[in-house]
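*Asks:* Take the sequences, apply the hints, and build the full model.
Chains as they are written, first to last, in this note's numbering: chain A, 1 to 339; chain B, 1 to 289.
It is possible that some hints are incorrect.
Derived SDA-like pairs: lysine to any residue, alpha-carbon spacing no greater than 25 Å straight-line [unchecked claim]:
no.	chain 1	residue 1	chain 2	residue 2
1	A	LYS150	B	ILE8
2	B	LYS222	A	ASN300
3	B	LYS222	A	ILE299
4	A	LYS150	B	THR251
5	B	LYS257	A	GLY157
6	A	LYS150	B	ALA255
7	A	LYS150	B	PHE267
8	B	LYS222	A	SER260
9	B	LYS222	A	GLU266
10	B	LYS222	A	ALA297
11	B	LYS222	A	GLY310
12	B	LYS286	A	ARG127
Okay, the calculated bits of chain A under chain B, using three or more residues with CB under 8 Å as the criterion [said to hold, decoys possible]:
no.	segment
13	123-134
14	147-161
15	258-271
No lab work stands behind these hints: they were computed from the structure. Note that beta-carbon positions come from the ideal geometry of N, C-alpha and C, so glycine has one too.
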Amino acid sequence: MTTADLSTTSNPSAANAAMASSGVRNTAAWKHCAVIALLGVVAWFVFPNQLSLLARIAIMAILVISLDLVVGYAGLATLGHAALYGVGAYAAGIVATRLTGDPFVGLAVGALAGAITAGISGLLLLRYEGFTFLMLTVAVAQIIQNLASKFSDLTGGSDGLSGFSIKPLLGFSFDMQGRTGYVYAVTLLIVCYYAAKRVTDSPFGLSVQGIHQSRPRMRALGANINAQLWKLYTFAGLLAGIAGALSAQTNAIVGLDSLSFEISAEILVMLILGGAGRLYGALLGTVIFMLLHHTAATINPYHWLFVIGGMLMLVVLVPREKLIGWMLPKAWRNKMRRA
Amino acid sequence: MLTMLANILIDGIAYGMVLFIIAVGLSITLGLMRFINLAHGAFAMTGGYVAAWLVRVQGVNFWLALLAAVLTAALIGALLEALVLRRLYRRSELDQVLFTIGLTFVFVATTNLLFGAEVQLIPLPLLLSGPVDLGVRTLPAQRILVLLAGLAVSLFSWWAINRTRFGVWLRATVDNREAAAALGIHIRWVFGLAFAFGAGLAGLGGVLGAELMPLEPYYALKYMVLVLVVVSVGGMGNIFGSLAAALLLGTVDTASKYLASGYGSLFFFAAMMLLLVWRPNGLLIKAKA
Numbered sequence: 001m002t003t004a005d006l007s008t009t010s011n012p013s014a015a016n017a018a019m020a021s022s023g024v025r026n027t028a029a030w031k032h033c034a035v036i037a038l039l040g041v042v043a044w045f046v047f048p049n050q051l052s053l054l055a056r057i058a059i060m061a062i063l064v065i066s067l068d069l070v071v072g073y074a075g076l077a078t079l080g081h082a083a084l085y086g087v088g089a090y091a092a093g094i095v096a097t098r099l100t101g102d103p104f105v106g107l108a109v110g111a112l113a114g115a116i117t118a119g120i121s122g123l124l125l126l127r128y129e130g131f132t133f134l135m136l137t138v139a140v141a142q143i144i145q146n147l148a149s150k151f152s153d154l155t156g157g158s159d160g161l162s163g164f165s166i167k168p169l170l171g172f173s174f175d176m177q178g179r180t181g182y183v184y185a186v187t188l189l190i191v192c193y194y195a196a197k198r199v200t201d202s203p204f205g206l207s208v209q210g211i212h213q214s215r216p217r218m219r220a221l222g223a224n225i226n227a228q229l230w231k232l233y234t235f236a237g238l239l240a241g242i243a244g245a246l247s248a249q250t251n252a253i254v255g256l257d258s259l260s261f262e263i264s265a266e267i268l269v270m271l272i273l274g275g276a277g278r279l280y281g282a283l284l285g286t287v288i289f290m291l292l293h294h295t296a297a298t299i300n301p302y303h304w305l306f307v308i309g310g311m312l313m314l315v316v317l318v319p320r321e322k323l324i325g326w327m328l329p330k331a332w333r334n335k336m337r338r339a
Numbered sequence: 001m002l003t004m005l006a007n008i009l010i011d012g013i014a015y016g017m018v019l020f021i022i023a024v025g026l027s028i029t030l031g032l033m034r035f036i037n038l039a040h041g042a043f044a045m046t047g048g049y050v051a052a053w054l055v056r057v058q059g060v061n062f063w064l065a066l067l068a069a070v071l072t073a074a075l076i077g078a079l080l081e082a083l084v085l086r087r088l089y090r091r092s093e094l095d096q097v098l099f100t101i102g103l104t105f106v107f108v109a110t111t112n113l114l115f116g117a118e119v120q121l122i123p124l125p126l127l128l129s130g131p132v133d134l135g136v137r138t139l140p141a142q143r144i145l146v147l148l149a150g151l152a153v154s155l156f157s158w159w160a161i162n163r164t165r166f167g168v169w170l171r172a173t174v175d176n177r178e179a180a181a182a183l184g185i186h187i188r189w190v191f192g193l194a195f196a197f198g199a200g201l202a203g204l205g206g207v208l209g210a211e212l213m214p215l216e217p218y219y220a221l222k223y224m225v226l227v228l229v230v231v232s233v234g235g236m237g238n239i240f241g242s243l244a245a246a247l248l249l250g251t252v253d254t255a256s257k258y259l260a261s262g263y264g265s266l267f268f269f270a271a272m273m274l275l276l277v278w279r280p281n282g283l284l285i286k287a288k289a
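*Replies:* See below:
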């Protein structure tokens with residue numbers, strides 16, 4: 001309640017959103033999830049030969065949702081989010097090689113590994129703000145990547161972890177067309193989206209947004225800033241770990257690149273492209289980015305850099321409303337203007 | 001054992017000096033102008049490639065090529081600043097980061113298009129390729145040049161910022177734009193010149209460091225993080241802090257490559273974390289209790 005009051009005075013649009021969402025909280029989360037499920041079913045029938053690409057998009061979307069919680073809602077710019085994702089992937093991969101091929105056990109362990117990594121590193125990271133925080137996230141990710149490279153007995157080093165197999169999921173085995181993987185990934189995307197939506201709309205989520213808008217004010221209101229941010233960061237780690245575990249299980253390979261700076265930077269691009277601070281923005285950005293990447297990178301990896309570089313500069317220079325306007329047909333544009 | 005220690009120290013300091021020369025410009029833009037320029041590594045790469053192309057393909061004298069490389073990097077920096085980057089000074093940090101990463105990607109792709117993916121070498125003149133006998137021991141002449149250049153850059157930058165009229169203008173503009181403008185300081189020129197100066201120095205670092213940091217298209221991304229680390233550990237806008245941080249981290253990285261090669265850059269980043277936690281505002285500035 002206090003958060004809604006606070007944002008009323010500081011930012012009217014956020015206050016409206018907060019009030020609207022607290023009223024129809026549950027229905028909004030369900031509606032969004034229904035739309036995602038519908039799109040998932042449609043995609044299954046329209047692109048039956050692209051299911052593994054679509055599964056990758058769904059997995060990335062979970063990771064970008066997790067990043068959105070940290071960057072968009074809590075306002076902590078990070079370039080080390082791949083650490084949480086990669087740890088989840090390696091944990092699931094190691095479980096599958098050494099213990100059991102049960103996908104749910106691997107998923108749980110991966111999620112837990114992501115949450116624990118976030119929880120431990122968060123204790124240190126969250127004491128800092130802004131640029132120092134950013135650089136420390138880079139350092140954490142780099143250290144974890146170097147450790148993974150060094151302890152090759154466990155992780156396979158630079159060759160990566162492969163050759164493990166995942167047991168059938170509720171009786172459906174992971175097939176070459178990626179059908180099981182696709183359903184698995186989309187289902188978890190919906191679950192994660194629902195969870196993230198409920199968290200961001202909850203009083204806790206609103207207080208985190210309040211911290212983003214003004215730390216001194218929230219402190220004056222009696223919020224324990226570090227504890228709130230730590231909880232959010234750990235939750236984001238859980239989601240990132242799920243994304244990592246999913247990627248390990250559906251691809252049956254984990255490489256050092258899952259911990260790389262490039263992934264951290266790429267998911268940030270996806271998030272900004274779709275609009276940070278809105279969960280459906282994370283989805284939109286991921287889909288646009290992954291599709292563009294898929295088309296451009298198959299032609300030439302360096303051409304892809306032209307595309308992504310130009311896109312980044314465009315996103316910053318041109319207001320987002322205008323950019324979306326260019327992409328949509330005219331009828332839609334008019335409708336948006338009226339709404 | 002002792003020779004190895006000496007080697008580590010010499011290579012580490014030379015490496016640190018290169019990092020420092022590139023970092024100065026970033027420290028200025030980041031600390032004084034509050035602009036996060038992740039395209040800074042691209043200026044260093046530009047300098048290195050210009051020198052390599054001039055010396056190898058055009059047969060230009062090394063020293064002339066060095067000068068041309070520095071000027072080209074400064075010119076490109078000035079142009080970019082005047083055309084787009086100055087519009088971003090008042091935007092959010094995230095916007096600055098995104099735009100300059102995008103710019104870096106375009107630099108990487110363009111470099112690959114023009115020169116291909118292979119590593120470019122800059123042939124050294126006779127004077128620099130041999131060893132120099134210092135009496136105590138012999139050192140590669142190239143290392144000595146890097147050392148001297150680093151020292152010169154640190155002294156010159158400190159002098160330019162703290163002792164010249166231009167430095168006064170720059171600091172006044174940073175403190176209060178409106179007041180500085182009202183006093184007749186030409187803000188656009190001051191920021192533009194400072195930016196070009198930093199870009200030129202990055203170009204110098206790119207040429208001098210080509211032996212330690214090989215020139216290839218991904219150079220701009222690969223070494224950007226290292227330079228950012230140096231600036232953040234040294235304290236933004238603090239020239240001598242950057243120097244200390246660069247020497248320390250350069251030595252740590254070199255030592256770990258000699259002694260514990262399997263760990264990659266683990267110790268570099270671990271050292272960075274410890275230093276940042278110890279002195280979050282800069283290596284030479286005591287943290288407030």
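*Asks:* Verify the proposed pairing of B:LYS286 with A:ARG127, using a straight-line Cα cut of 25 Å.
*Replies:* holds (17 Å)
*Asks:* Are 3 or more residues of the segment 258-271 of chain A near chain B, judged by a Cβ distance of less than 8 Å?
*Replies:* holds (count 4)
*Asks:* Between the segment 147-161 of chain A and chain B, are there enough contacts, at least three residues with CB-CB distance under 8 Å, for the coverage claim to hold?
*Replies:* That given contact holds, which follows from 3 residues of the segment 147-161 of chain A lying within Cβ reach (below 8 Å) of chain B.
*Asks:* Keeping to a limit of 25 Å between CA atoms, is the pair of B:LYS222 and A:ALA297 held or broken?
*Replies:* holds (20 Å)
*Asks:* Tell me whether the statement that chain B covers the segment 123-134 of chain A is true, taking a Cβ distance below 8 Å and needing three residues at minimum.
*Replies:* holds (count 5)
*Asks:* What's the verdict on A:LYS150 and B:THR251, does the C-alpha distance respect the 25 Å limit or exceed it?
*Replies:* Holds: A:LYS150 and B:THR251 sit about 21 Å apart, inside 25 Å.
*Asks:* Assess, step by step, whether the Cα of A:LYS150 is no farther than 25 Å from the Cα of B:ALA255, and give holds or violated.
*Replies:* holds (17 Å)
*Asks:* Between B:LYS222 and A:GLU266, is the straight-line Cα distance small enough, at 25 Å or below?
*Replies:* Cα-Cα ~15 Å, so holds.
*Asks:* Going straight from one Cα to the other, do B:LYS222 and A:ASN300 come out at no more than 25 Å?
*Replies:* holds (20 Å)
*Asks:* Take the C-alpha atoms of B:LYS222 and A:SER260, compute the straight-line distance between them, and say whether it is at most 25 Å.
*Replies:* holds (12 Å)
*Asks:* Sort out whether A:GLY310 lies within 25 Å of B:LYS222, counting only the CA atoms.
*Replies:* holds (20 Å)
*Asks:* Under the criterion that the straight-line Cα-Cα distance not exceed 25 Å, is the pair A:LYS150, B:ILE8 satisfied?
*Replies:* holds (22 Å)
In this structure, every one of the numbered hints holds.
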